[in-house]
Each structure stands twice: as structure tokens, then as C-alpha cells.
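Peer 1: Sequence:
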Amino acid sequence: MASDVRAVVSTGKGAPVEVATIRVPDPGPGEVVVRVQACGVCHTDLHYREGGISDDYPFLLGHEAAGVVESVGDGVTHVEAGDFVVLNWRAVCGQCRACKRGRPQYCFDTHNAAQPMTLTDGTPLEPALGIGAFAEKTLVHSVQCTKVDPQARPAVVGLLGCGVMAGIGAAVNTGGVGPGDTIAVIGCGGVGNGSIAGAAMAGARRIIAVDKDPKKLDWAQQFGATHTVDASARDTVEAVRELTDGFGADIVVDAVGVPETYQQAFYARDLAGTLVLVGVPTPEMRLELPLLDVFGRGGALKSSWYGDCLPERDFPMLTELYRQGRLPLEKFVSEEITLDQVEQAFDRMHRGEVLRSVVML
1 MASDVRAVVS TGKGAPVEVA TIRVPDPGPG EVVVRVQACG VCHTDLHYRE
51 GGISDDYPFL LGHEAAGVVE SVGDGVTHVE AGDFVVLNWR AVCGQCRACK
101 RGRPQYCFDT HNAAQPMTLT DGTPLEPALG IGAFAEKTLV HSVQCTKVDP
151 QARPAVVGLL GCGVMAGIGA AVNTGGVGPG DTIAVIGCGG VGNGSIAGAA
201 MAGARRIIAV DKDPKKLDWA QQFGATHTVD ASARDTVEAV RELTDGFGAD
251 IVVDAVGVPE TYQQAFYARD LAGTLVLVGV PTPEMRLELP LLDVFGRGGA
301 LKSSWYGDCL PERDFPMLTE LYRQGRLPLE KFVSEEITLD QVEQAFDRMH
351 RGEVLRSVVM L
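In terms of full-length UniProt numbering, the sequence shown opens at residue 1 and continues consecutively.
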């Protein structure tokens, strides 16, 4: 029987979000209903509200979530009722050209639930990143559910569902940071500090945090930054070079995603160094670089989608590292809030006052 639950809905571009009653259908073949326990407030949700993703309103927001499987549809063997899961938006299909070439982290045909969730009048909702977890319950495809240690705090491990995983993966999976490497991270919000935490976990020798906000630089040190650069007072490229014996960093992560920071990241690399773009640009942004510099500096210019993660591999591993005290995921949780406080959380996030607000259900 379908469930009527409370959820956060975005009804129009720039309009404040609303808490509404939505209808969650019983799971069909391959689908799962999850009782959501916690969901982080991510910039991507704000992009949806602002029309930066599409104009398919109304949106059911929320996607950085953990919860318990309540019911499963026909053919589901991956999870069962009672399993504690983190939701993911890269539900690997196993059949597309990327998967068949052994590169499932680039899966081009990820799974989502086939049935829509709706308003009570039948209006279909577009769930954020195919999840829609600012809700007491949500309907997802079974492979969007990744089982993790049930002893872990939902508010903490749910953040692996998007931003924190994107940051850790940008440094570790995409950038390949390892013992002895130097890395600079430009932009020290949730994603950037994820990269810093990942680099510290991987044994990087020097971790340089770059931001204009002193509060964010303080946060970065809590996650393992060995040096900080105030970009409002210093030239980023010169500062990174000074801190890397004049050479530049082995890896530079751009967690902002604007042309200015991308150019800084490009020139702050060592020769043959790696640039990783994980900050999300907007459609109108354009980049200009001398092609000779692209050729002459060598190395790799990479984009990181979801930290190039494989949820089935990475979520349980990172949860275990958190449980062992080796990955300080709990430090990302700035506050715990209710569904009714999401609009205010967007404001605090936009002002840079929090790393993550987490909705508790």
C-alpha cells in the first residue's frame, strides 16, 4: 500500500522550498522503499531549487542519505528489509560500454526507480539525483542502496552519498594521491575538505588548503591540512610553489569550479602534475588557456564525477575507516536539523557558515 509522508519539495525557480505530503508507491520490480534516517543538505539541492540542473519542477530534494530498507519489490536480492544502507546516485548497470570495459566508475546508464513519487494530487515529482531523500521515506532502485555497518551514525555515513565522497574520491581515486605526494586543494567547503581528509588518509606529505575564508581554512586544518593559504591576501600559484620547494604540487584539486580557480590549479601544479576538477561549473562559464602551456606542462587534466567512486567498494571501506577513527567523517556534521529547517540551512550553506547541515528524520 502506498505511503503518504512529509517531504521537502521545490516548486519553482528560486522559490523557497516547501514541506508537503507526498505519495511513495509500493516498490515494483527491482525497487526498494527506504525509511530515511538522515540526509545532508548539499549544494546540488540548492542548484535544483535555483534551476541550475533542469526546469522539471516540482523537485523532491535531498540525496545524501542513509536509512533502513523497509520493503523490496520482486526480483530484489541485493538488499532486504532491515538492512542499513547509504543511498547512491551512481547505481552501476554492469551492461553499458563503460562497465563492459572494466570502468564501472564511469557507468553511463545508472539505475533509478521506474515508478514516480507524486504529490497527493498525482503530480509526478522529479527526485534529486534520482533519490529524493528529504522525505520520511523514498523509493529508489535496489542498486542505489549500499549496505554499510549498521553501528555507524546515519548522520555521518549518509554524507558519503555525495559531497564527502566526491571530495575524498577526487583526491584518492581521480588524483591518485599517495604517500609522499604533495597536494593543494582550492576551496575548503564540504567537498574540498573531503579531498583534504582523503589526502591525509592516503599519507600525503604536504597538504595545502587554499580559501578566502579564515573559518574554512581552520576547518581544513582539522581534516589534515599541513599548510593554509589565504587566497584573499596571497597569490595562490606563488604561495603553492613556495610551499612545494618552488615546483608546484603533485596534485591540485579545484573544488570551486570557476575559470579563475581552474587556471590557478593548472599553474600551481608541478610539471607533469595532475589537476582534478571536482567543483561544478555553471553552463555559461568559459575557459581560456594557452595551448602551448597545456602541451608544455604535461601531466593530466581530469574531471572527477562523484569522486570516481564505486559505492559497493568505497562506502563500506570508508565507513570502516570512520569506525576505526582513521577518517573523521563526524567533523563534517555542523548541525542536525528538521525537514522544516531546510530553507534556512540553504542560507547558512550559501553564507559558508556550515560544512553540512543534516536533516534528521
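Note that these hints are calculated values from the structure, not bench results. Among the hints, erroneous ones may be present.
[Said to hold, decoys possible] Simulated crosslink set (DSS-like; lysine-lysine; CA at most 25 Å straight-line): (1) Lys216 x Lys331; (2) Lys302 x Lys100; (3) Lys212 x Lys100; (4) Lys331 x Lys147; (5) Lys331 x Lys215.
Peer 1: For which of the previously enumerated hints does the structure constitute a violation, in increasing order of number?
Peer 2: 3
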